[in-house]
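Using our numbering, the letters of the sequence shown map in sequence onto residues 16 to 138.
Keep in mind that the hints are not guaranteed to be accurate.
[Claimed, not checked] Per label pair, the in silico range of CB-to-CB distance: (1) Phe91 / Arg125: 39 to 49 Å; (2) Gly69 / Ala97: 29 to 39 Å; (3) Phe91 / Gly130: 51 to 61 Å; (4) Gly130 / Arg89: 24 to 34 Å.
Simulated from the structure, these hints should not be mistaken for lab results.
C-beta: ideal position from N, C-alpha, C; glycine also.
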Amino acid sequence: MAMKDKRMFKMATPKLFSLTVLAASALAISTPAMADWKHKEVQFGDLDLSSASGQKRLASRVKRAVTQVCATPRAFTLAERADQIKCEQNAMANAKPKVSRAIAAYMENRRLASGDINVVAGN
16 MAMKDKRMFK
26 MATPKLFSLT
36 VLAASALAIS
46 TPAMADWKHK
56 EVQFGDLDLS
66 SASGQKRLAS
76 RVKRAVTQVC
86 ATPRAFTLAE
96 RADQIKCEQN
106 AMANAKPKVS
116 RAIAAYMENR
126 RLASGDINVV
136 AGN
């Protein structure tokens, strides 16, 4: 791959990455249609997602965002706490594939930027 092509991939790589954690807060709401959707962006452009420590830090940020999205000022009763736990479980389930895609995209961008690509031509 020509040097110009390598630079193109590096320049095309965004400096700021984020994913959004979504959750339907069903706390004290009688019907799912009335659920209040909340979201929180998780920034990870500063992390090296090719390392275990970078992936662990991203997981920690996602967990913190889930906690913030699903937080309720007054989860006093067992039912309210159960709703909060369900919200957290749903939000984590929603975020996991996004995290996996973000890591895969990071690894692919890194591979392309390094020029670690084989091109085979044939007829």
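Here's how the hints hold up against the structure:
1. Checked against the hint of 39 to 49 Å, the pair Phe91 and Arg125 passes, with Cβ atoms roughly 47 Å apart.
2. A hinted range of 29 to 39 Å for the beta carbons of Gly69 and Ala97 is consistent with their spacing of about 34 Å.
3. For Phe91 and Gly130, the Cβ-Cβ distance of about 58 Å falls inside the hinted range of 51 to 61 Å, so the restraint holds.
4. The hinted range of 24 to 34 Å is not satisfied by Gly130 and Arg89, whose Cβ atoms lie roughly 56 Å apart.
The earlier numbered hint that this structure contradicts is number 4, and it is the only one.
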